[in-house]
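Novice: Line by line, the protein sequences give chains A, B and C.
Heads up, the first sequence is in this note's numbering, so the first residue is 46 and it goes up one at a time.
Heads up, the second sequence is in this note's numbering, so the first residue is 46 and it goes up one at a time.
Heads up, the third sequence is in this note's numbering, so the first residue is 46 and it goes up one at a time.
Honestly, the hints are just simulated from the structure, not real lab data.
Each statement offered as a hint is correct.
Label pairs and their in silico Cβ distance ranges:
hint, chain 1, residue 1, chain 2, residue 2, range
1, C, G134, B, N254, 35 to 45 Å
2, A, K89, C, N291, 44 to 54 Å
3, A, A85, B, E241, 53 to 63 Å
4, A, K89, C, H358, 15 to 25 Å
5, C, K74, B, E63, 45 to 55 Å
6, A, W245, B, D84, 49 to 59 Å
Even glycine gets a Cβ: it sits at the ideal position worked out from N, Cα and C.
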Amino acid sequence: MEKVFSKSVTGIKNLSRENIDYILDLAAKLEPIINGESDAQPLKGKKLATFFYEPSTRTRMSFESAMIALGGGVISMSDAQRTSSVWKGETLKDTIKTIENYCDVIALRHFEAGAAEKADSYSGKSIINAGDGPNEHPTQTLLDLLTIKRRLGRLDNIHVVLCGDLKHTRSTNSITLALSKFKNVKLTMVRPQGFETSDWIKDILNKNNVEYAETEDLQAAINGEPDVLYMCRIQKERFDSEEDFNKIDGLYCLTRAMLEKVDKNIVILHHLPRVNELDESVDDYPGAAYFEQTYNGVLVRGALMTMLLNREHLV
Amino acid sequence: MEKVFSKSVTGIKNLSRENIDYILDLAAKLEPIINGESDAQPLKGKKLATFFYEPSTRTRMSFESAMIALGGGVISMSDAQRTSSVWKGETLKDTIKTIENYCDVIALRHFEAGAAEKADSYSGKSIINAGDGPNEHPTQTLLDLLTIKRRLGRLDNIHVVLCGDLKHTRSTNSITLALSKFKNVKLTMVRPQGFETSDWIKDILNKNNVEYAETEDLQAAINGEPDVLYMCRIQKERFDSEEDFNKIDGLYCLTRAMLEKVDKNIVILHHLPRVNELDESVDDYPGAAYFEQTYNGVLVRGALMTMLLNREHLV
Amino acid sequence: MEKVFSKSVTGIKNLSRENIDYILDLAAKLEPIINGESDAQPLKGKKLATFFYEPSTRTRMSFESAMIALGGGVISMSDAQRTSSVWKGETLKDTIKTIENYCDVIALRHFEAGAAEKADSYSGKSIINAGDGPNEHPTQTLLDLLTIKRRLGRLDNIHVVLCGDLKHTRSTNSITLALSKFKNVKLTMVRPQGFETSDWIKDILNKNNVEYAETEDLQAAINGEPDVLYMCRIQKERFDSEEDFNKIDGLYCLTRAMLEKVDKNIVILHHLPRVNELDESVDDYPGAAYFEQTYNGVLVRGALMTMLLNREHLV
Chain A
46 MEKVFSKSVT
56 GIKNLSRENI
66 DYILDLAAKL
76 EPIINGESDA
86 QPLKGKKLAT
96 FFYEPSTRTR
106 MSFESAMIAL
116 GGGVISMSDA
126 QRTSSVWKGE
136 TLKDTIKTIE
146 NYCDVIALRH
156 FEAGAAEKAD
166 SYSGKSIINA
176 GDGPNEHPTQ
186 TLLDLLTIKR
196 RLGRLDNIHV
206 VLCGDLKHTR
216 STNSITLALS
226 KFKNVKLTMV
236 RPQGFETSDW
246 IKDILNKNNV
256 EYAETEDLQA
266 AINGEPDVLY
276 MCRIQKERFD
286 SEEDFNKIDG
296 LYCLTRAMLE
306 KVDKNIVILH
316 HLPRVNELDE
326 SVDDYPGAAY
336 FEQTYNGVLV
346 RGALMTMLLN
356 REHLV
Chain B
46 MEKVFSKSVT
56 GIKNLSRENI
66 DYILDLAAKL
76 EPIINGESDA
86 QPLKGKKLAT
96 FFYEPSTRTR
106 MSFESAMIAL
116 GGGVISMSDA
126 QRTSSVWKGE
136 TLKDTIKTIE
146 NYCDVIALRH
156 FEAGAAEKAD
166 SYSGKSIINA
176 GDGPNEHPTQ
186 TLLDLLTIKR
196 RLGRLDNIHV
206 VLCGDLKHTR
216 STNSITLALS
226 KFKNVKLTMV
236 RPQGFETSDW
246 IKDILNKNNV
256 EYAETEDLQA
266 AINGEPDVLY
276 MCRIQKERFD
286 SEEDFNKIDG
296 LYCLTRAMLE
306 KVDKNIVILH
316 HLPRVNELDE
326 SVDDYPGAAY
336 FEQTYNGVLV
346 RGALMTMLLN
356 REHLV
Chain C
46 MEKVFSKSVT
56 GIKNLSRENI
66 DYILDLAAKL
76 EPIINGESDA
86 QPLKGKKLAT
96 FFYEPSTRTR
106 MSFESAMIAL
116 GGGVISMSDA
126 QRTSSVWKGE
136 TLKDTIKTIE
146 NYCDVIALRH
156 FEAGAAEKAD
166 SYSGKSIINA
176 GDGPNEHPTQ
186 TLLDLLTIKR
196 RLGRLDNIHV
206 VLCGDLKHTR
216 STNSITLALS
226 KFKNVKLTMV
236 RPQGFETSDW
246 IKDILNKNNV
256 EYAETEDLQA
266 AINGEPDVLY
276 MCRIQKERFD
286 SEEDFNKIDG
296 LYCLTRAMLE
306 KVDKNIVILH
316 HLPRVNELDE
326 SVDDYPGAAY
336 FEQTYNGVLV
346 RGALMTMLLN
356 REHLV
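Please model the complete structure; the sequences and the hints are all you need to start from.
Specialist: Here it is, written out as structure tokens:
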């Protein structure tokens, strides 16, 4: 296990398997503090700025919850594009060179791919990518991984099915990249034609000798008894045309009945919020782990901040 | 006096007189802490999420002020319906099952009657109803009661006039229910025809043998020398038609001159903000207690959180 | 040096030179605390309410950062006019008489000149003017002054050029008033005809025997080798007509080339965000100090709160 020594975490692609192990291990150590069973305050005196160009209540509140639980403070801009008329037209560079004077770490959500890396290059403070357009969402992936690890006890030797719009979903991009770093991972991608995983990601899978298959048939993928099934919301905001969106919207919907066709208890993940691709009948299925994901999100976000601010010794 | 032993406070209707006494007593004990005269931090390490589907600066800031003053932390969603595009369409159940992983107690404002009770059933964490549509607003009522108790020294043996739209106002619903739990309370309802207190509330009053009268004449009610006069804002957002709203808007306006017709110093309450039903000439009237109500609101909200999180021993 | 003994800071015009020296000196003393190099918490137990009728992420986050760094807590209303439907129509008086029950100090941003002074007259708590329409923005000026003092080592005996819309910009109003309190200050105002510094400010300059000149030529002003050059954004929201705005928009743009024409290292200030009046080529110029201004803003806002809440002895 090895700590990330750069000052920021802008993408899963910059993290080694050893880095990921380090972060997940630290997340587990933070659990008693975050749950209030310990009085430790490893981030006391530290300040987080959540700076979100697009609103994302879930991710923002998760970061803020972690920082408060670890003893730090929070300043928040939850919807920079809409509620800040004055800022319209200010460059990302100027914004970051201002915000960095108010905090120790910035959780940045932006609508453009690459924004977090740019922000890191402008700033003397740590940046954590809280989603940059269609590109990456590394904290989502880290919480996905922590959930799988806690459910299965391992991240090597697993078979994962990804289902939905694999072309536009940054969560599946990031987790695909992450899984390619582990041993003997097998992937099955379920998606309609035209919504395939991007070629640059497939290139990495090929380079890392990750076995993967593509299909349009969700039930067939379930019948293959995977360890994990990751359902994705079709994100309308990522589509250029209504027509493209309609091609895929409602095409896949996981139900309890579909899962009952095999004996295996499959770990069901979803990046939430769900719309119509994950039926409520699944909620009581023993493998359903999507609300656990939100719980684990606080732990991994806390771990990232603790690591980047070099406060592991206070945990 | 008896503590509320359920994990949430969703309505006045679930509180006994003994519960109310307990909460008001605890509120008074918190006063030196909230005013910064004591270093106690009974809610240290605890996190409040204010989750408001409708904006309500007053109620939200009051909850947050109490939590901070008692040593805890706050994460906030001030306008979930408008500023969170992603969340649109997410069920209350999914939202609550997510948010509960970020905090210890949720102050929930929702536009639908019954939302707080539903949220309580979904969540393992404490819910405090911060207003659920036209239904209940229990923290408002508790602060009303604390204000009356501090002004009159009692909650039994009082005559209270309620004036305004008694059909649509949750604040008057809740205080009517609350007062029905005390001894020898007399109510006078001042409202135009068509805006009467709902029958289900009158049924409770009858069952509890509460004496009440209805009138359209505010001056006559004042001339009856009540102990308390509660003026209500006509809340346009509760009306289905502009026509109905216009029937009552501006019909009642309390002035200093109206109060001067009797010798008695009547305690004047209002749930604020006021529009045109409470003239500024009343502000210097000795009985005017509506800004005290906002002060007392911090105390009762702090008391509810302290009670539900079982931290009374740290007060 | 002399502390401000009134309970609020509503404008530079109420501050003496001795007051300003006191605040800037206190700001410097707070620096190690704000940077996390000291565990002191001079504002522990204190609560700031940032109440902004207009959004201003920069000023709001700066106040909040200072309060958190000094050990206090924050409650926030970032866009009262737009996100608070209920509050529409509530008077400033009622709002302030409510908010004051939730906090110890209010940072108030309002669209009307004089709002902060009015708020101070309504409230028993401290008010800090965070900008009142076209009138004053004293915390901006204090951070401007701190930046000049840190760069030049003095506030007396300086030549300052102000450039832009000197008619509508509150930041230049406030700093002009402030500089008039120091010794041997020379001002050069660069602006097109029709956008002159207001007469009431010129009257004060004349009364205080401040030497000033007016010109339309920015390069000529630079060639005069001033100590400081303050560039202003043309603020569209302050104009009554598009036509007036177009007369001045884009008229002035400071570039590195313009500064290279003289040998002197001029301190470049800007109230940020910039639009088109300050070219990015200036960012590496040694005198460029506009991001330092945002850093210094946290210090002076922390100093004001510490002073008004009488916690200097804990610094």
